[in-house]
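A.B. asks: Respectively, the protein sequence lines represent chains X and B.
Residue numbers are given in the UniProt record's numbering: position 132 of the first sequence equals residue 132, and the series is strictly consecutive.
Residue numbers are given in the UniProt record's numbering: position 49 of the second sequence equals residue 49, and the series is strictly consecutive.
One should not assume that every hint holds.
[Claimed, not checked] Straight-line distance between alpha carbons at most 20 angstroms, and here's what the computed EDC-like set of lysine to aspartate or glutamate pairs gives:
1) B:113 - X:213
2) B:57 - B:7
3) B:113 - X:212
4) B:84 - B:61
5) B:113 - X:310
[Stated by the list, open to error] Estimated spans, in silico, between C-beta atoms of each pair:
6) B:158 - X:276: 53 to 59 angstroms
7) X:174 - B:145: 56 to 62 angstroms
8) X:113 - B:218: 51 to 57 angstroms
9) B:206 - X:143: 54 to 60 angstroms
10) B:125 - X:113: 33 to 39 angstroms
11) B:158 - X:113: 38 to 44 angstroms
12) B:35 - X:243: 46 to 52 angstroms
13) X:126 - B:334: 55 to 61 angstroms
14) X:211 - B:309: 39 to 45 angstroms
15) B:127 - X:224: 18 to 24 angstroms
16) X:304 - B:67: 48 to 54 angstroms
17) B:242 - X:305: 57 to 63 angstroms
18) B:218 - X:143: 55 to 61 angstroms
In short, the hints are calculated from the structure, not lab data.
Built from N, CA and C at the ideal position, the CB exists for glycine as well.
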Amino acid sequence: MVGYFTRRLAAAAVVVVLVSIIAFAIVSVLPGDTAAALLGEEGARDSQRYEALRVELGLDQPLVVRYANWVANAATGDFGRSLRTGEDIGAAILSRAVPTVQLALMALAIAIIIAIPVGVMSAVYYRRWPDNLGTLFALTALATPGFWFGIMLILLFSVTLRWLPPSGYIPFFVDPLGSLKLMIMPSLALATGFTGVLIRQVRSSVLEVLNEDYITTARSKGLSRSTVLFGHALRNALLPVVTLVGLQLGGLFGGAATVETVFSIPGLGRLAVDSIFYRDFTMIQALMLVLALSVLVASLLTDLIYSRIDPRIRRG
Amino acid sequence: MSAALLEVSELEVAFDTRRGRVKAVDGLSFRLGKGEIIALVGESGCGKSVAVKSVLKLLPEQTARYEAGSITLDGRDLLGLDEKAMEAVRGREIALIFQDPMSSLNPVLTIGKQIGEAIKRHQGGSRQEIAHRTVDLLRRVGIPAPETRLNAYPHEFSGGMRQRVMIAMALSCGPRVILADEITTALDVTIQAQIIDLLKSLVADAGAAVVMITHDMGVVAGAAERVYVMYAGAVVETATTEDLFSRPAMPYTWGLLRSIPSLDRPVHEPLVPIEGLPPNVALLDGGCRFRPRCPYRRDICAEAEPPLAPAPDGAEGHLARCWGLDPVRGWLRDTDWKTDLGDPAARAQISADAAKIKGGKP
Numbered sequence: 001m002v003g004y005f006t007r008r009l010a011a012a013a014v015v016v017v018l019v020s021i022i023a024f025a026i027v028s029v030l031p032g033d034t035a036a037a038l039l040g041e042e043g044a045r046d047s048q049r050y051e052a053l054r055v056e057l058g059l060d061q062p063l064v065v066r067y068a069n070w071v072a073n074a075a076t077g078d079f080g081r082s083l084r085t086g087e088d089i090g091a092a093i094l095s096r097a098v099p100t101v102q103l104a105l106m107a108l109a110i111a112i113i114i115a116i117p118v119g120v121m122s123a124v125y126y127r128r129w130p131d132n133l134g135t136l137f138a139l140t141a142l143a144t145p146g147f148w149f150g151i152m153l154i155l156l157f158s159v160t161l162r163w164l165p166p167s168g169y170i171p172f173f174v175d176p177l178g179s180l181k182l183m184i185m186p187s188l189a190l191a192t193g194f195t196g197v198l199i200r201q202v203r204s205s206v207l208e209v210l211n212e213d214y215i216t217t218a219r220s221k222g223l224s225r226s227t228v229l230f231g232h233a234l235r236n237a238l239l240p241v242v243t244l245v246g247l248q249l250g251g252l253f254g255g256a257a258t259v260e261t262v263f264s265i266p267g268l269g270r271l272a273v274d275s276i277f278y279r280d281f282t283m284i285q286a287l288m289l290v291l292a293l294s295v296l297v298a299s300l301l302t303d304l305i306y307s308r309i310d311p312r313i314r315r316g
Numbered sequence: 001m002s003a004a005l006l007e008v009s010e011l012e013v014a015f016d017t018r019r020g021r022v023k024a025v026d027g028l029s030f031r032l033g034k035g036e037i038i039a040l041v042g043e044s045g046c047g048k049s050v051a052v053k054s055v056l057k058l059l060p061e062q063t064a065r066y067e068a069g070s071i072t073l074d075g076r077d078l079l080g081l082d083e084k085a086m087e088a089v090r091g092r093e094i095a096l097i098f099q100d101p102m103s104s105l106n107p108v109l110t111i112g113k114q115i116g117e118a119i120k121r122h123q124g125g126s127r128q129e130i131a132h133r134t135v136d137l138l139r140r141v142g143i144p145a146p147e148t149r150l151n152a153y154p155h156e157f158s159g160g161m162r163q164r165v166m167i168a169m170a171l172s173c174g175p176r177v178i179l180a181d182e183i184t185t186a187l188d189v190t191i192q193a194q195i196i197d198l199l200k201s202l203v204a205d206a207g208a209a210v211v212m213i214t215h216d217m218g219v220v221a222g223a224a225e226r227v228y229v230m231y232a233g234a235v236v237e238t239a240t241t242e243d244l245f246s247r248p249a250m251p252y253t254w255g256l257l258r259s260i261p262s263l264d265r266p267v268h269e270p271l272v273p274i275e276g277l278p279p280n281v282a283l284l285d286g287g288c289r290f291r292p293r294c295p296y297r298r299d300i301c302a303e304a305e306p307p308l309a310p311a312p313d314g315a316e317g318h319l320a321r322c323w324g325l326d327p328v329r330g331w332l333r334d335t336d337w338k339t340d341l342g343d344p345a346a347r348a349q350i351s352a353d354a355a356k357i358k359g360g361k362p
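Here chain X stands alone, though its shape is the one from the complex (with noise of 0.2 angstroms):
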């Protein structure tokens, strides 16, 4: 177990040296430099300027070297300073990443009440009415643009209703119940679609698990129909399903950008995309890093959840 968790680290380790290398890539081999970028057209006619705050910057010293310091920095969280704002990147992001953080485990939440309970009376009741409609709850679901449903639900339980805030962000430590009413409608527009993938997962994951043998001689020595499903084939069943919300964790993240746009929420999503309109390029690339190592850390939980489900992962 503690060998096969130190090889998936090592690994891990591995991919993150890849991607600070490509993210530094990215934005060293974009035309123009970070100086030009602070200067604006006009500034980087001066020369001297130029020269001294690139000399400021480090940008006068070989790639390798601006990439060590770059990489030295980010270990102690000094991402250096947005060029759009000025501020501090880690203190960014660090703040930015509270919403997202919470955003992101609302909507699995969400997803994840919804669609083991919808997947399962789907398998159970394959073909059958219960199965024909969860399975139109599931690609309605899959087909509908968060952003969209977003909008939908502001009209409905804000404009009309009246029920919920529309927009805005409070900290769930300052006040958990204003911050849930806030953030109910986002999760559940961030949750769609996955709802709809994880739904079709635990279904057909689920009828593949019942056809099993060891099914049959669950049933065979005499348990109810609820323990077989429950006691045997249920946790079978989740192997995958804990491997795909694993993977589509990283597409939440992403999948909060629009949405967040459409609520307000100053999340990593809307830094992202504000940072892409404004040419911030070291925001960009600290983010780059962030989202990578969060998606990492993600896949790293997953396995660990997975080995312990699974005996036969934990010898590896």
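Given chain X's structure and the hints, the job is docking chain B onto it.
C.D. replies: The following block gives chain B in isolation, referenced to the frame of chain X:
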């Protein structure tokens, strides 16, 4: 024959498929006495496994149909029982051991849990009692250091050991009938005999009766007291094991026996396979079901299905389904099956037909 413990009579089971209803079991009858070991023998696809699952009503409810016949355990009609009542029968009175020990144990549960839950379901008891009984069962089936193996997972066992676990599981609640579905097929030859011997000694101790389902005549000869030869969903011959091996009555059984390699036969003598392929049960036409592959066939075989009638040797309980054995018109009553392989032209025709089917166009 002792009083029947488990009796299946004229059982017909069909499946709803996209091409209509297909009979998998077509008039199966057998009786199992107390403590007896019988064997159902036949090629793949002859309906053996469906027959076993139908006894415990484990067939998929949405497609399987019990069309006729009855299954009684000690005089109690199992087909009339509802699901709840069947659950009380499964594992407690009739237990099942499956073909493939690799896939018939749940990979994510410990074997202690998997054996223990049957005991818990039927007999209850504290966790310690159940664990104690499980260890005892594992010891009886020959698992070394059973106390430490209780928390092991199926993948930590070899195939033979897993089959021992399956046997322990089947024996856990002291069933009166054990259905053993091809239990040696997935095992190494060296392990097969061990498992059969283990099963035999354990059921003898427990006084349980066994229905062995197999295609392996060696297993039959070594374990069963009575044999039912199945072909395309129906019994075509039944006899005591000794009678069946010494005086097989009908051509399908002859074919099965001729295709067993034997050490006493001269090396240069080739094995004689049964020509052709098992029939598609959806396409049976009312004549003898073995006729398309039978090198001794005559016109009458196409006209009607022969009944299960007393075999020419007159031994008690020796029945066979073949027009050639008819006391009046039978042309096979005095055939020496070891030397007479039937009509060579018919044999050639059968293998030509089979080649055509394999080629794609049925």
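A.B. asks: Each hint needs a verdict: does it hold in this structure or not?
C.D. replies: For each hint, the structure was consulted:
1. B:113 - X:213: Answer holds: residue 113 of chain B to residue 213 of chain X is near 17 angstroms, not above 20 angstroms.
2. B:57 - B:7: At roughly 15 angstroms apart (the allowed maximum being 20 angstroms), residue 7 of chain B and residue 57 of chain B satisfy the hint.
3. B:113 - X:212: Roughly 18 angstroms between the alpha carbons, so the hint for residue 113 of chain B and residue 212 of chain X holds.
4. B:84 - B:61: Satisfied, since the Cα-Cα distance of roughly 14 angstroms is no more than 20 angstroms.
5. B:113 - X:310: Holds. Residue 113 of chain B to residue 310 of chain X sits at ~15 angstroms (cutoff 20 angstroms).
6. B:158 - X:276: 53 to 59 angstroms: Between residue 158 of chain B and residue 276 of chain X, where Cβ atoms are some 58 angstroms apart, the hint holds.
7. X:174 - B:145: 56 to 62 angstroms: 58 angstroms, holds
8. X:113 - B:218: 51 to 57 angstroms: 55 angstroms, holds
9. B:206 - X:143: 54 to 60 angstroms: 59 angstroms Cβ-Cβ, so the 54 to 60 angstroms window holds.
10. B:125 - X:113: 33 to 39 angstroms: 36 angstroms, holds
11. B:158 - X:113: 38 to 44 angstroms: 41 angstroms, holds
12. B:35 - X:243: 46 to 52 angstroms: 50 angstroms, holds
13. X:126 - B:334: 55 to 61 angstroms: 56 angstroms, holds
14. X:211 - B:309: 39 to 45 angstroms: 41 angstroms, holds
15. B:127 - X:224: 18 to 24 angstroms: 20 angstroms, holds
16. X:304 - B:67: 48 to 54 angstroms: 52 angstroms, holds
17. B:242 - X:305: 57 to 63 angstroms: 59 angstroms, holds
18. B:218 - X:143: 55 to 61 angstroms: 59 angstroms, holds
When the structure is compared with the earlier hints, no violation turns up for any of them.
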